[in-house]
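Visitor: Dock chain B against the given chain A, drawing on the hints supplied.
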Amino acid sequence: MKLHEYQSKQLFAQYGIPIPRGRVAMTASEARLIAEELRGRVVIKAQVLVGGRGKAGGIRLANSPEEALETATQILAMQIKGLPVRKVLVDEAANIQSEIYLGVTNDRAARRPVMIASAEGGVEIEEVARTAPGKIARIHVDPLLGLREYQARDLAASIELSRDHWRAFIDIARGLYDAYRECDATLAEINPLVVTKAQTLLALDGKMVVDDNALFRRPKLAEMRDLDEEAPAEGEARKYGLSYVKLDGSIGCMVNGAGLAMATMDVINLAGGAPANFLDIGGGAGADKVAAALEIILADQSVKAMLLNVFGGITRCDEVARGILIALQDMPTTIPMVTRLVGTNEDEGRQLLAEKHMITATSLMEAAEKAVALARQGAGA
Amino acid sequence: MSILIDKKTRLMVHGITGREGLFHAAQMLEYGTKIVAGMTPGKGGEWVLEGKVPVFDTAKLAVEATGANCSVIFVPAKAAADSMLEAADAGVALIVCITEGVPMQDMMQVRAYLDQKGTRLVGPNCPGLLTPGECKVGIIPGHIAMPGGVGVVSRSGTLTYEVLYALKARGLGVSTCVGIGGDPINGTSFIDVMEMFEDDARTESVVMIGEIGGTDEERAAEFISDKMSKSVVGFIAGRTAPPGKRMGHAGAIVEGGSGLAVDKIKALEAAGVKVAAHPDAIAELAADRSRKARRRTKR
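Top line first, the protein sequences correspond to chains A and B.
As numbered in the working numbering, residues 13 to 393 make up the first sequence, in order.
As numbered in the working numbering, residues 268 to 566 make up the second sequence, in order.
The shape of chain A in the complex, shown without the other chains (with noise of 0.2 Å):
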């Protein structure tokens, strides 16, 4: 789960981290009162949760209220990559002399937590590692000790930040593993740190991503979700226990288990079609499971056809067919099925489905096949 930048600041001022004075508004009157509240310079930054907010006009300069009013109008009124702003942060304008990056993350190879420094902040970290991967410092934190003062040490001295700052970085950074440790985080950045004409460290732009299976342990975190931000499909999807991502494509797809259901994606593209979603009804589904299950495929608009794909291994096939059944007197459709049942108690989910006039393959490919020419007929028509 992502979280905002405002949101991922106020975390991290509660971990000693200095950040700039500033507050969320939702209307351009309340960035306004903000803005005349913190007095002087501010700057106007979209919340939303993808990329390159800078680079499309989301984040602007004000330098009085009026102006504030005017540039939060606007921004209030974008779209950047297809999501459209809901919220700004106003926030005081800084005097940066020079610009930092410094995150923690899961690094998966190592298998540990890596910290990574950088003198080139307020560029992408990827972008660094691409241009200039000598800039980038990176130390491997021990999980069970947790990092120390002179591995932060060590990161200021690599990319060769002035003594005066040591104490002032080896403190942000011991708050940024504390807060990435303490909310159960996959991305703790601060992009960028930046040292101010004054001589201070700031986190002026940060960014958190939250371990989807450790917010059981934070339901403060879990009450963070934006739910503006995802497909409404997909929010449905999680309160059944399914996993569902929607794509571009016309072929629905029910599958079992998360590997077959990338592999089922695979094979209707191989066989000339594309993919409506990516969706794992997981081991042992139930019918009701089932049943939201098809119900969420068939609700979007762009599905012509439907490919089922189940491997019956501790999903009974049986179960997946009743599922099926329920969902369609639910909801009866016209969009043409193809079901593919194999494993644990195939001969009595193919019975019950067998009066549903569904078309029937014994092969994946044969499966994708059917499916596709049939998702080309319903386009047709």
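What the hints contain is simulated information worked out from the structure, not anything from laboratory work.
Bear in mind the structure is a predicted one, so any value in this text is a computation, not a measurement.
Even glycine gets a Cβ: it sits at the ideal position worked out from N, Cα and C.
Check the hints yourself; a few may be wrong.
What the hints assert, rightly or not - Simulated restraints, written as ranges between beta carbons of each label pair: (1) A:Ala234 with B:Arg486: 31 to 37 Å; (2) A:Glu248 with B:Gly511: 43 to 49 Å; (3) B:Gly309 with A:Pro96: 50 to 56 Å; (4) A:Ala243 with B:Lys275: 49 to 55 Å; (5) B:Ala332 with A:Thr345: 55 to 61 Å; (6) B:Gly334 with A:His369: 56 to 62 Å.
Guide: What follows is chain B alone, placed relative to chain A:
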């Protein structure tokens, strides 16, 4: 011969009184796995599965009383890290964690601790292990595989079942099937299993099923090219997955240009691995390779 588990495996089931734990313990027992103990705090002294398996309050007590040398974990995600650590402290050599949804920071700590103790972990979020005809630890349906010479290693569950089923349909048996799981931080990697298959006398060739996310497959490709004499057939799921989106498995995500299916396929092919274009073709290729391998040994 086989890897990781065989007839000598003495299994302890964590969470044996839970719905999942009990169901799969019954299946494992039926398959012939020696389940010597169950573990559920507060239920010590009870017997389950028609009085065949004693339940203990702690892993330490279970190991002392039964000599269990392998643990399989079915407890809920919030308790899974504790169960893995408890099993390791009790002295079992191999832990298989089926549980899905274990927080990543828990896994980093567990991994660091288990590495210090020298305990092997398979999973989490995995279907477990199957040595056909001898022992099953986890949830892989037993009837879909038969004993033989193909070693199977995979990050997926049901996709692996598809492959086992197709191998059996072609008369190909399996030495051991290892589900390493779909999480980003896990216990056993492709390379670990490849090393074991390379050293295992029964394994003649290997099927490896990967997916998008991370660089485990790329590193395995390096190992295959440098160290492996046995032939490997591969498949990578997720060619059509969009970047930045998690595809069901916590570890299946393309991030910052890393973890792409095309890169993995390229790396494997460069290492001499025959990569199947679709799942149905995996068993075909494996059958083809195994025929060639047999011809070579006959000559």
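Visitor: Quick check: which numbered hints come out false for this structure?
Guide: 2
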